[in-house]
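Produce the entire structure from the sequences given, and follow the hints as far as they go.
Chain by chain, the residues run as shown.
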Amino acid sequence: MRKAGAIFRKEVRSFFYSPIAYAVVGVLVAITGYIFYSALVRFNMIKINMFRMHDAGINLNNVVLDPVFYDTAVFLLITVPLITMRLLAEERRLKTFVFVFTSPVTPAEIIAGKYLSYLAVLFASLFFVFLPSFVLVATSDASLPPVLTGFLGLFLLGASFGAVGLFISSLTENQIVAAILTFGVLVIFWLIHLAGDPTGTPLQQVLANLSLIEHERDFIRGIVNTKDLVFYILFTAYFLVLSYLSIESRRWRG
Amino acid sequence: MNRKRRILYGANAVVVAVVLLGIFIAVGYFATAYNKTFDFTEEKLFSLDPQTEKFLEELDTDVRVTGFFQKNSPGASRFLDLMKLYGEKTKRVTYRLIDPDEDPATAKSYGITRYGTIIAESGEKTKRTFELTEEAVTNLLIMVTRKGKKRVFFTSGHGERDIRSRDGEGIAFVADDLRGQGFEVEQGNILEKKDEWDENTLVVIPGTRKGFLKEEMKVLEEFIESGGNVLALIDPEEKDYFKEFLDKYGIVYEDGVIIDPSSRIFGGTPIIALVSSYSGHPSVRDFKLASFLALAGGLKTKTGGKGTPEILCRTGRGAWLEKGKLLHSVRFDSGKDVAGPITVAAVSTVPVREKEAEKASGTEKESQEAKSKGESNTSKSSKKEGRLLVVADSDFVSNHYKGFSGNGDLFLNLVKWMLSEEKILNIKPKKPKSSTYFLTPTAKKLWFAGAVVVLPLFIFATGLVTWRIRRKR
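Top line first, the protein sequences correspond to chains A and B.
Note that the working numbering numbers the first sequence so that position 237 is 247, with each residue one more than the last.
Note that the working numbering numbers the second sequence so that position 473 is 494, with each residue one more than the last.
In short, the hints are calculated from the structure, not lab data.
Take these hints with a grain of salt, some might be off.
Per the computed footprint, the stretches of chain A lying under chain B, defined by three or more beta-carbons under 8 angstroms from a beta-carbon of chain B, are [claimed, not checked]: (1) 47–54; (2) 183–195; (3) 205–218; (4) 231–244.
The beta-carbon is built from N, C-alpha and C at its ideal position, and this holds for glycine as well.
Encoded structure:
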């Protein structure tokens with residue numbers, strides 16, 4: 011695993027030396043920050059209008075934070091392909107895979123190093139996105155546990171997105187193509203529940219359960235269900251295995 | 022590498038991918054079937070009430086719940102969210118969603134006329150509700166799995182309020198509520214229907230304008246003393262018809278009408294009594310809402326009768342029982358009127374007569390035999406007492422007053438207790454805690470500066486500095 015660690019460090023360094031990563035994360039934080047601020051102002055308006063209804067059940071978690079987390083999920087759908095597009099496509103473009111294949115590094119170590127570096131970037135991005143929420147919890151009566159479950163849910167969602175991005179990045183040497191294809195695949199897994207029915211036939215149930223966003227809803231509302239955790243872990247693991255098979259195939263395809 | 026070997030490797034990779042997909046789907050299936058939910062919201066907003074959980078744990082029959090909602094509507098999503106909680110708790114409850122637009126044949130077979138209908142089926146029983154709350158769904162499950170039928174019989178023929186009438190004086194609304202809770206509701210003549218009554222029947226006298234015949238009073242007495250239930254809603258003007266009857270069971274209906282100045286606070290007139298003091302009796306112990314009784318009378322309890330009387334609810338101290346005529350301005354006259362609190366509802370429990378007890382134990386024996394034969398018959402309750410509950414007013418259940426504060430709920434609670442139907446649950450909907458946070462103009466500016474300007478700028482600036490340092494190197 012030391013080799014994977016070395017790849018991880020190299021990848022993290024190259025992420026944080028690259029202006030693109032800062033631009034992507036900065037724009038994500040700016041947009042979610044504005045949504046957060048707008049939701050806060052809207053909350054204040056509602057509170058003023060419902061001044062007499064002390065027990066109307068209007069609180070910061072459901073009016074401000076939940077919508078921000080949903081919107082963050084949407085923006086991850088757009089930003090993650092921009093982050094993952096270079097992970098393996100760049101190696102292919104620069105023809106550096108040949109050095110990798112002739113070195114004692116295994117495909118599993120390459121995948122582990124690159125994917126963990128992506129998770130580090132994802133964690134840092136979400137930390138900045140969630141910073142205003144944490145400050146709000148510290149300075150108001152907003153509840154912390156749903157914020158933490160929201161963070162966990164978005165991290166798992168981002169991790170699943172990243173696994174898809176890594177796999178698609180291994181298929182092409184063109185980063186733009188990788189980003190567009192990743193976005194397309196993610197949108198399919200985002201909307202696939204529309205073709206399913208959670209109470210319908212077994213196939214419809216499978217389709218309804220394959221939706222990435224449907225498993226996110228409970229996390230955002232403050233619920234952790236073991237089936238959602240298992241879904242994200244399996245989804246991520248499967249695309250990492252596909253990435254492994256894809257790299258491995260380059261060895262014998264030459 | 023030769024072509025044959027490449028095909029072999031390629032096929033191998035595809036097989037690995039497909040097999041793994043199958044394994045992952047199987048694991049996902051089991052994870053979905055045997056999942057556990059942890060609700061981290063402060064008010065446990067997405068968890069079932071402990072009463073529902075207890076009921077589901079004891080549920081021993083299969084129930085299928087069908088929600089008729091438009092697909093992807095907020096109602097459909099709420100229905101699935103709610104039913105998911107039931108499905109996670111027990112495998113006995115299964116559910117499905119049907120969009121009447123996509124599957125009109127099924128909708129028609131269930132007689133669906135509007136979106137939002139929820140139907141529960143268990144064996145041959147079918148019940149429906151239009152309310153999408155935990156309380157409604159749990160009670161639907163209770164009703165559809167309940168063995169035996171509970172019946173509420175309203176008397177008629179003496180100028181009683183009509184269960185079919187939807188005008189202000191009628192009581193169609195409470196009759197609807199009772200049906201909604203799964204009770205059979207009927208109105209008829211005492212002498213004609215008395216043979217159909219049993220322990221699972223509650224006879225309600227919904228205010229009268231005339232007295233009952235001697236034979237009718239006798240039927241009521243015999244019914245109570247054989248373990249039956251009578252709920253009498255009697256207005257002060259008609260109290261004389263029932264004075265003797267009530268006296269026998271230790272309940273005294275006093276002369277006069279309650280005057281309660283405190284109801285003015287709620288926009289009422291003093292002839293409306295505000296009742297917010299409930300005793301520890303099981304029928305009202307957990308009742309928290311105020312009730313409003315118009316032109317109500319006052320009751321007293323006494324010992325020495327056939328039953329053991331108990332007070333259920335009273336007015337506040339500010340009310341009094343006005344003995345004189347009701348004029349434009351009434352005042353408390355300490356020499357004549359009765360000072361509050363005034364009792365407005367009382368119950369008398371009457372031990373079942375020996376002969377009737379024998380009959381009842383015979384019924385129990387039969388019931389046990391039936392059970393051993395596999396015929397469940399829990400509808401025969403094991404209580405060995407008759408119940409006479411008196412409310413000194415009938416207006417509070419009328420269509421006009423039923424919706425006032427707790428009036429309708431009070432009546433339902435009394436009916437449920439009279440029929441030993443404590444199993445029908447009152448589950449208050451959970452609401453998120455209201456936030457007290459207010460955004461001051463300064464805080465607003467600070468939030469904008471921090472979340473929209475400073476934080477992103479910090480990231481952009483860090484990126485710029487890092488990039489420039491890298492370029493210089």
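Please write out, lowest number first, the hints stated earlier that are contradicted by the structure.
The structure breaks only hint 2.
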